[in-house]
Amino acid sequence: MKNAATIYRKQVKDTGKNIALLIQFVMFPMMAIVMENAIQVDNLPEHFFVGMFAVMHIGMAPLNVTTAIIAEEKEKNTLRGLLFGGVTPLAYLAGIGGYVFSACMIGAVVFALLGGYHGIEFVLFLLIMAAGIMVSMFFGAMIGISSKSQIAAASVMTPVMMVFAFLPMIAMFNETIAKVADFVYSQQIQLLLNDLASRTAPEPKSLAVLALSALIAAGMFGWSYRRCGLN
Amino acid sequence: MEAIEIKDIRHHFGEKEVLKGITLSAQKGEIIGLLGPSGAGKTTLIKIITGQLIPSEGSVFLSGYDMIRPERDVYREIGMMMDDFGIYERLTCYDNLKLYADIYQIHEGRIREVLEWVDLYEARRCPAQKLSKGMQGRLKLARAVLHHPNILFLDEPTSGLDPATTRRIHDLIHQMQQEGTTVFLTTHNMAEAEKLCKHIALLHEGSIVEYGEPKEICRRYNHQNKLRLLLNDGTVVTLPNTGESAEQMKAYLSNGQIETIHSTEPDLESVFMELTGRSLQDD
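The listed protein sequences correspond, in order, to chains A and B. Counting with this note's numbering, you get residues 1 to 231 for the letters of the first sequence. Counting with this note's numbering, you get residues 1001 to 1283 for the letters of the second sequence.
I should point out that these hints are in silico values taken from the structure, not numbers from a laboratory. Be aware that one or more of the hints could be misleading.
Some chain B residues flagged as far from chain A (calculated, every beta-carbon gap over 12 angstroms) [what the hints assert, rightly or not]:
| no. | residue |
| --- | --- |
| 1 | Q1027 |
| 2 | S1063 |
| 3 | Q1105 |
| 4 | T1165 |
| 5 | Q1178 |
| 6 | A1191 |
| 7 | E1194 |
| 8 | C1218 |
| 9 | R1219 |
| 10 | V1236 |
| 11 | G1243 |
| 12 | N1255 |
| 13 | E1259 |
Cβ pair distances, simulated, as ranges [as the list claims (entries may be wrong)]:
| no. | chain 1 | residue 1 | chain 2 | residue 2 | range |
| --- | --- | --- | --- | --- | --- |
| 14 | B | S1207 | A | G98 | 46 to 56 angstroms |
| 15 | A | A211 | B | R1090 | 31 to 41 angstroms |
| 16 | A | L44 | B | R1090 | 37 to 47 angstroms |
| 17 | B | E1108 | A | V34 | 36 to 46 angstroms |
Here a beta-carbon is modelled for each residue, glycine too, at the ideal position from N, C-alpha and C.
Same shape as in the complex, but just chain A (with noise of 0.2 angstroms):
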């Protein structure tokens, strides 16, 4: 676990100097706090854009980021340098995930207090919230995995991204779409943030949908582990 800490420490030195990467952690929240303050529309849901903002957060930023620098550090070699230096492959994945989870986790506590969430509210938000950034994240580390390249990493990412990020919101306008959009993890997030929101009970299917999306996520992470490895 020692070097899993280094490779943390290693990453956020790194990550605090690629603005491309920074933008990721914060796009959203700050999104949602301008729009939160700035857009007064009669019936509109309370606190609507914080869901919505939330969900993009997810769908985006563990993903984005976790797939970016796997895919740059195997593409400059780096990677390489750390294995040969004695990190084994799961204390890399231990540290570069930590960073990436912790680093999000920080969007979701602001979105969490513009939610005006308090108590075990607050500590549901963040739950809900962790389980669909750890979802992300298993598929960002599988693309990133696989790809040769940050350009093929990019262009398989892109879209996989708009479709967890952006799905969500597109189901709001479109029956059929929304349907589709079931299937999709993070149109549960979004469920699920809306329940807690109106205060009823979690659906079971939403719940449902999101294990088995963390199954398939950390099964289709682990096959291509298994088929590239990280070197």
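Got chain A sorted already, so can you dock chain B onto it with the hints?
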């Protein structure tokens, strides 16, 4: 125990045999050079030796460690300065080394030592992407030696660098060798190999076509065995390198006519050309 022990390494990529029974060894504190043009199999061999690639046949031991099934601990014994071991461009020189110091659990004082050793201490706060190619080369060398490796692998360490940086890197390699580090150097720069290496192996199409001390190899291929004299008036005179030439030499010397004297022994490039029909610089 040999520091590097390579026995009968063979490797295939599909049907093609790229290494055809390579056997080499190096003592502790020796610099051994592997010379060959692009495509000779140098990179494949170095990847096999460092455990990055499993050979089709053969065995490799580094300081007694089996590199076909390398234990993770072995990487504390070796340092690698290779083209395909990148540096973190956004991180400073210091942070690049700090990362590895943390991984190897080395005290921070060593970072300063190594940065001073490669003349990068003043540039320690500079992001690696802002360094010149030569400085990046020295940073890679600093990272390779940070943990006091017993064996150092250098893959084309001065390729594309200016003469001053090349000389500095050569000095640093010599210093490492004098401190007892075994150095395995791959290059297609014959002057570099002649200057640094105790033994060299010439690799051609996956086979070692010649092995030995650089000067000894050149002497072995000195078929002409003559002396070439450049006289003051620009005339070049070639004499047999035997006693028969003594009188003639004496005459030139007593008249103060000789500008330079050279033997006709070939350089490594010419030896390689003679053995393979190819130049070391060929792509």
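Checked hints:
no.	hint	in the structure
1	Q1027	24 angstroms, holds
2	S1063	16 angstroms, holds
3	Q1105	8 angstroms, violated
4	T1165	21 angstroms, holds
5	Q1178	25 angstroms, holds
6	A1191	28 angstroms, holds
7	E1194	30 angstroms, holds
8	C1218	36 angstroms, holds
9	R1219	39 angstroms, holds
10	V1236	50 angstroms, holds
11	G1243	57 angstroms, holds
12	N1255	62 angstroms, holds
13	E1259	50 angstroms, holds
14	B:S1207 x A:G98: 46 to 56 angstroms	49 angstroms, holds
15	A:A211 x B:R1090: 31 to 41 angstroms	38 angstroms, holds
16	A:L44 x B:R1090: 37 to 47 angstroms	42 angstroms, holds
17	B:E1108 x A:V34: 36 to 46 angstroms	43 angstroms, holds
In this structure, the one hint that does not hold is number 3.
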